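Student: Given only the sequences and the hints, what does the whole structure look like? Please build it.
Those protein sequences? They're chains A, B and C, same order as listed. The working numbering puts the first sequence at residues 554 to 853. The working numbering puts the second sequence at residues 4 to 339. The working numbering puts the third sequence at residues 407 to 730.
Hints are supplied without guarantee of correctness; some may be wrong.
Pulled from the structure, derived: some chain C residues nowhere near chain B, Cβ distances all over 10 Å [said to hold, decoys possible]:
| no. | residue |
| --- | --- |
| 1 | F443 |
| 2 | E456 |
| 3 | Q484 |
| 4 | R515 |
| 5 | E544 |
| 6 | K672 |
| 7 | E674 |
| 8 | H710 |
DEER-style ranges, computed between Cβ atoms [claimed, not checked]:
| no. | chain 1 | residue 1 | chain 2 | residue 2 | range |
| --- | --- | --- | --- | --- | --- |
| 9 | C | D485 | A | D846 | 49 to 59 Å |
| 10 | B | E151 | A | I698 | 47 to 57 Å |
| 11 | A | P767 | B | V78 | 24 to 34 Å |
| 12 | C | E537 | A | S740 | 47 to 57 Å |
| 13 | B | I38 | C | E678 | 44 to 54 Å |
| 14 | A | D846 | C | E648 | 34 to 44 Å |
| 15 | B | L336 | C | E562 | 48 to 58 Å |
| 16 | B | S85 | A | R582 | 32 to 42 Å |
| 17 | B | S85 | A | R588 | 47 to 57 Å |
| 18 | C | G483 | A | G682 | 52 to 62 Å |
Covered stretches of chain B, going by a simulated chain C footprint (3 or more residues, C-beta under 8 Å) [as the list claims (entries may be wrong)]:
| no. | region |
| --- | --- |
| 19 | 19-30 |
| 20 | 97-109 |
| 21 | 180-190 |
| 22 | 283-291 |
Everything labelled a hint here was simulated from the structure, so no lab data went into it. Computed from a prediction, not measured in an experiment: that's the story for all the values here. Glycine included, C-beta positions come from ideal geometry on N, C-alpha and C.
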Amino acid sequence: MSDVPAGTIEATLERAEQPGLSPIRASWRRFCRNRLALGSLVILGLIALLCFAGPLFFPYGVEDADFENISAPVNLFSAHPFGTDDFGRDLLLRVLDGGRVSLAVGFVGALAAVFIGVIYGATSGYVGGLLDNVLMRTVDVLYGIPYFFLVVLINLLVGRTTAGLFVSIVVVLWLTPAVIARGQAVSLRHREFVDAARAGGMTEWQIILQHIVPNSLNVVIVYSSLLVLEVIITESFLSFLGLGVQAPASSWGSLIDAGARSIETDLRLLLLPGGFLVATLFCLNFVADGLRDAFDPNER
Amino acid sequence: MLSTPMSADPLGRQVAAPILSVRELCVDFKLEHGIVRAVDGVSFDVRRGEVLGIVGESGSGKSQILMAAMGLTAVNGKCSGSVTFEGREILNASPEKLDKIRGSSMSMIFQDPMTSLNPYMRVQDQLAEVLTAHQGKSRKEAIDIAVEMLERVRIPDAARRISLYPHEFSGGMRQRVMIAMALLCRPALLFADEPTTALDVTVQAQILDLLSNLVRDLNAAVVIVTHDLGVIARMCDRVMVLYGGRVMEEAAIDDLFEAPRHPYSQGLMAATPRLDDDVAHDLRTIPGAPRALTGKMGGCPFAPRCERRIERCTIETPALLRGAGGRAAACHLVTP
Amino acid sequence: MSEALLSVKDLKVHFPLGKGLLGGAGGVVKAVDGISFDLRPGETLGIVGESGCGKSTLGRAILRLTRTTEGQVVWLGQDFLGLDKNSLREARRDLQIIFQDPLASLDPRMTIGAIIARPLKTFCPDLGKAEIDKRVKEAMAQVGLAPEMMRRYPHEFSGGQCQRIGIARAMILRPKLIVCDEPVSALDVSIQAQIINLLRTLQAELGLSLLFISHNLSVVRHISHRVMVLYLGKVMEIGAREAFYANPMHPYSKALISAIPLPDPKAERARERITLQGDLPSPIKPPEGCRFCTRCPIATELCHASEPPLSPRADGRLVACHHA
Ligand SMILES: Nc1ncnc2c1ncn2[C@@H]1O[C@H](COP(=O)(O)OP(=O)(O)OP(=O)(O)O)[C@@H](O)[C@H]1O
Ligand SMILES: Nc1ncnc2c1ncn2[C@@H]1O[C@H](COP(=O)(O)OP(=O)(O)OP(=O)(O)O)[C@@H](O)[C@H]1O
Ligand code: SF4
Ligand code: SF4
Ligand SMILES: [Mg+2]
Ligand SMILES: [Mg+2]
Numbered sequence: 554m555s556d557v558p559a560g561t562i563e564a565t566l567e568r569a570e571q572p573g574l575s576p577i578r579a580s581w582r583r584f585c586r587n588r589l590a591l592g593s594l595v596i597l598g599l600i601a602l603l604c605f606a607g608p609l610f611f612p613y614g615v616e617d618a619d620f621e622n623i624s625a626p627v628n629l630f631s632a633h634p635f636g637t638d639d640f641g642r643d644l645l646l647r648v649l650d651g652g653r654v655s656l657a658v659g660f661v662g663a664l665a666a667v668f669i670g671v672i673y674g675a676t677s678g679y680v681g682g683l684l685d686n687v688l689m690r691t692v693d694v695l696y697g698i699p700y701f702f703l704v705v706l707i708n709l710l711v712g713r714t715t716a717g718l719f720v721s722i723v724v725v726l727w728l729t730p731a732v733i734a735r736g737q738a739v740s741l742r743h744r745e746f747v748d749a750a751r752a753g754g755m756t757e758w759q760i761i762l763q764h765i766v767p768n769s770l771n772v773v774i775v776y777s778s779l780l781v782l783e784v785i786i787t788e789s790f791l792s793f794l795g796l797g798v799q800a801p802a803s804s805w806g807s808l809i810d811a812g813a814r815s816i817e818t819d820l821r822l823l824l825l826p827g828g829f830l831v832a833t834l835f836c837l838n839f840v841a842d843g844l845r846d847a848f849d850p851n852e853r
Numbered sequence: 004m005l006s007t008p009m010s011a012d013p014l015g016r017q018v019a020a021p022i023l024s025v026r027e028l029c030v031d032f033k034l035e036h037g038i039v040r041a042v043d044g045v046s047f048d049v050r051r052g053e054v055l056g057i058v059g060e061s062g063s064g065k066s067q068i069l070m071a072a073m074g075l076t077a078v079n080g081k082c083s084g085s086v087t088f089e090g091r092e093i094l095n096a097s098p099e100k101l102d103k104i105r106g107s108s109m110s111m112i113f114q115d116p117m118t119s120l121n122p123y124m125r126v127q128d129q130l131a132e133v134l135t136a137h138q139g140k141s142r143k144e145a146i147d148i149a150v151e152m153l154e155r156v157r158i159p160d161a162a163r164r165i166s167l168y169p170h171e172f173s174g175g176m177r178q179r180v181m182i183a184m185a186l187l188c189r190p191a192l193l194f195a196d197e198p199t200t201a202l203d204v205t206v207q208a209q210i211l212d213l214l215s216n217l218v219r220d221l222n223a224a225v226v227i228v229t230h231d232l233g234v235i236a237r238m239c240d241r242v243m244v245l246y247g248g249r250v251m252e253e254a255a256i257d258d259l260f261e262a263p264r265h266p267y268s269q270g271l272m273a274a275t276p277r278l279d280d281d282v283a284h285d286l287r288t289i290p291g292a293p294r295a296l297t298g299k300m301g302g303c304p305f306a307p308r309c310e311r312r313i314e315r316c317t318i319e320t321p322a323l324l325r326g327a328g329g330r331a332a333a334c335h336l337v338t339p
Numbered sequence: 407m408s409e410a411l412l413s414v415k416d417l418k419v420h421f422p423l424g425k426g427l428l429g430g431a432g433g434v435v436k437a438v439d440g441i442s443f444d445l446r447p448g449e450t451l452g453i454v455g456e457s458g459c460g461k462s463t464l465g466r467a468i469l470r471l472t473r474t475t476e477g478q479v480v481w482l483g484q485d486f487l488g489l490d491k492n493s494l495r496e497a498r499r500d501l502q503i504i505f506q507d508p509l510a511s512l513d514p515r516m517t518i519g520a521i522i523a524r525p526l527k528t529f530c531p532d533l534g535k536a537e538i539d540k541r542v543k544e545a546m547a548q549v550g551l552a553p554e555m556m557r558r559y560p561h562e563f564s565g566g567q568c569q570r571i572g573i574a575r576a577m578i579l580r581p582k583l584i585v586c587d588e589p590v591s592a593l594d595v596s597i598q599a600q601i602i603n604l605l606r607t608l609q610a611e612l613g614l615s616l617l618f619i620s621h622n623l624s625v626v627r628h629i630s631h632r633v634m635v636l637y638l639g640k641v642m643e644i645g646a647r648e649a650f651y652a653n654p655m656h657p658y659s660k661a662l663i664s665a666i667p668l669p670d671p672k673a674e675r676a677r678e679r680i681t682l683q684g685d686l687p688s689p690i691k692p693p694e695g696c697r698f699c700t701r702c703p704i705a706t707e708l709c710h711a712s713e714p715p716l717s718p719r720a721d722g723r724l725v726a727c728h729h730a
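Tutor: Spelled out as structure tokens, the structure:
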């Protein structure tokens with residue numbers, strides 16, 4: 554019993570010297586304790602690494618046809634470990650290269666959508682009044698436009714390029730983060746720390762960027778992880794329909810499309826990109842789940 | 004008169020059996036770096052027609068005692084010990100069993116009115132639900148009763164305002180809505196956690212009268228948690244002083260206010276501003292800050308701030324000793 | 407009488423009610439309805455009154471955190487409400503606020519060091535990091551917080567500590583006026599006493615003025631030089647502390663004083679309390695004549711017919727009542 558310090562106040566002060574645990578870091582710790590989510594994140598990282606760094610180690614390019622090995626079978630010890638397609642292009646390389654596009658569009662697209670959406674929504678919710686009305690009615694109108702109409706329209710405007718695909722995805726997907734961020738901002742606007750900031754002489758922009766946006770992050774982080782998932786699916790779907798990435802560029806979606814067409818002749822063309830896509834989607838889903846549990850504002 | 008079971012007190016007199024009886028209640032919370040013991044072996048009884056006050060440092064576990072009794076401890080918390088309501092064990096009881104008791108004979112006024120009212124539901128629906136769910140009243144009847152209750156807690160324009168959402172009320176009005184909700188089912192046991200902090204003194208006086216009437220008319224029992232010693236003095240029959248999750252002193256109010264025995268109770272009394280004290284001087288304070296509840300504890304919880312601390316205080320935890328006249332204190336220097 | 411630091415003239419804040427909110431269309435809540443007072447440097451004015459009578463709104467309107475409908479706020483001789491954006495920012499340096507709910511007034515995502523430093527960074531952008539650090543630590547020491555706590559987050563502190571953080575933030579720019587909106591009502595007695603002593607000390611050392619809003623009349627008595635009683639957005643009585651507590655003149659003030667719960671059970675049982683009967687008036691349709699007439703124990707015909715002006719009495723007090 555005597556090992557208990559006499560004054561617990563001293564003990565408290567001692568603890569005080571360590572920096573506190575920020576809400577984000579606390580959430581991160583909770584996330585790390587979720588094995589499934591952490592594992593999925595690691596696998597996701599490996600897939601990304603493979604897609605982005607992998608192709609550098611191949612002695613030939615994506616489009617290089619190896620005419621001696623057309624439709625080569627799977628042979629892990631040959632020059633084409635997963636074989637080649639009917640043009641003699643290395644299958645694994647094509648899938649990895651397609652992954653680059655899919656993942657890049659997914660992450661960058663989600664990021665862009667979230668960025669635009671959060672700033673837009675936070676401003677709308679914080680300023681309120683007429684501006685809020687105008688901005689949010691705009692969102693409603695955009696929501697009302699059929700998705701494919703927008704995609705085709707943008708395809709026409711920007712051309713059928715990867716950039717065009719990217720734009721059409723972002724244009725559609727920033728709406729939900731905007732609505733979410735607005736909801737957060739409305740509830741934060743009347744919080745006293747915002748008044749304190751105003752009394753402290755901060756300008757409205759400073760308040761939005763330094764108080765409103767960071768405090769909406771919780772919800773936004775969780776939502777973004779789901780959004781990445783959504784973007785990748787959307788991109789794959791569009792590409793599958795032929796509205797997305799155009800040959801010679803490829804993504805998992807367009808590869809699956811190609812694979813589906815040669816389903817009778819060569820099942821690998823479907824299974825390999827499909828496998829990567831499904832693995833990625835599963836991992837993303839678990840990560841999103843983990844993030845939600847870790848960041849759920851109700852938990853703390 | 005309601006029939007009350009009788010039992011014998013230690014001196015062999017016949018007294019009413021307690022309606023609520025708490026024994027060695029502990030509430031532990033699991034945290035990132037360990038376990039916090041918010042309530043540490045608290046025991047007390049409340050009888051019908053009696054008002055028990057609980058005072059104590061902020062964070063001393065006052066609310067958690069009530070939450071444990073109501074079966075509302077947060078998910079990361081664990082309760083042990085025993086809480087009996089009219090002789091039935093209710094600590095960690097099944098939600099169905101608790102629901103029955105909570106809706107009809109035991110209710111609570113929560114400390115934070117904003118978070119305990121559903122923001123997405125009209126006040127009338129929240130109030131009516133209590134009656135339709137537990138007393139089988141029709142919706143129309145229920146709303147009429149609810150309006151009447153809102154009038155009794157002094158909400159102006161009650162009939163019109165009852166259809167508003169909680170955020171359309173001012174802080175003080177929300178608190179009164181909570182009070183109305185808790186009183187709707189005419190409970191036999193009422194927990195009131197800081198029921199009047201957001202109210203001005205005249206409305207506070209009316210609310211306290213309302214609670215007194217409840218005790219008188221229904222022979223109910225009330226447990227009030229508050230920082231305001233004035234409210235305690237006005238309402239209570241007995242007081243329990245809490246510090247660091249443990250009971251420091253328990254006494255009838257006259258005894259406590261006349262001669263607080265525990266050093267913490269004394270500090271509390273001295274720090275209370277009065278209408279007749281000398282304003283030229285600073286208020287007396289208790290130096291130091293409340294201790295963190297984490298980590299291994301031993302000794303008297305008040306020791307780090309106690310002016311009368313002796314060596315034994317930091318080593319041995321003083322037990323709550325009961326003495327004559329229902330007084331009890333937990334301090335090495337005090338014999339109750 | 408020294409020059410007023412702040413003078414509020416006939417201030418009105420009306421909130422329009424959204425259509426259908428209270429059943430009827432339109433309507434306004436007259437939260438603050440013509441309030442005037444002066445505040446001298448180094449003085450504390452206690453503001454008391456019923457919940458919902460407009461105390462917070464008044465404080466917020468003075469700081470321009472709420473839009474004013476009518477009236478004037480003269481701050482250091484200049485028309486505060488007419489200031490443009492930049493001058494307003496500059497003026498806010500001297501005007502700070504402490505909120506009722508200590509935790510809610512701190513951004514949960516900032517360390518307390520950053521929270522306290524924020525006003526400094528806004529107003530003195532060219533201060534070096536070291537200098538800011540030094541001043542933050544000074545401010546923390548002043549309110550009794552260990553400087554080592556700088557890097558922790560608000561949720562790791564108790565209510566009383568959070569309130570000190572709020573005070574440190576308000577103090578760091580050395581303002582001339584702090585509006586305290588129920589700064590101690592969420593705190594327990596020993597911390598309440600610490601905060602009141604702290605404010606008194608800071609006031610004595612720095613000569614700042616306080617507008618101290620509270621329900622707790624014993625606390626108001628301890629900190630204020632003068633007391634102002636509001637009822638439904640209007641001033642009922644304003645006067646020096648001693649006189650006010652010894653002999654409240656307005657019937658509402660009398661009721662307030664007699665309703666203060668005394669921390670003494672014997673005195674509580676013995677005393678006569680004035681219980682207010684009658685309907686609580688709605689702030690949307692205040693009663694004709696005297697606003698207090700629906701609940702006043704000594705109301706007469708005259709009270710229902712005409713509104714009493716806020717008129718001076720022998721001891722310099724201002725009271726709005728026909729019969730006081
Ligand atoms: N869900 C929880 N997880 C961890 N700790 C908790 C939780 N709920 C309460 N606590 C801790 O339990 C202790 C007692 O809390 P409680 O709410 O009972 O205090 P209190 O006496 O009611 O204080 P106050 O007067 O400020 O309301 C506090 O230290 C608090 O931090
Ligand atoms: N933004 C708003 N919109 C509409 N009505 C409001 C608004 N803010 C305040 N009110 C109303 O104005 C009146 C005064 O409110 P205020 O918050 O100033 O009261 P208070 O005196 O501070 O009360 P309390 O002691 O309960 O805090 C209340 O009737 C309230 O309902
Ligand atoms: S046991 Fe010791 S430390 Fe605790 S209150 Fe008594 S004298 Fe003070
Ligand atoms: S004017 Fe009349 S109603 Fe108003 S406070 Fe005085 S006596 Fe009462
Ligand atoms: Mg509590
Ligand atoms: Mg207020």
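Student: Could you check the structure against the hints above and give me the numbers of any it violates, in ascending order?
Tutor: The structure breaks hints 2, 6, 7, 12, 14, 15, 17, 18, 19, 20 and 21; every other hint is satisfied.
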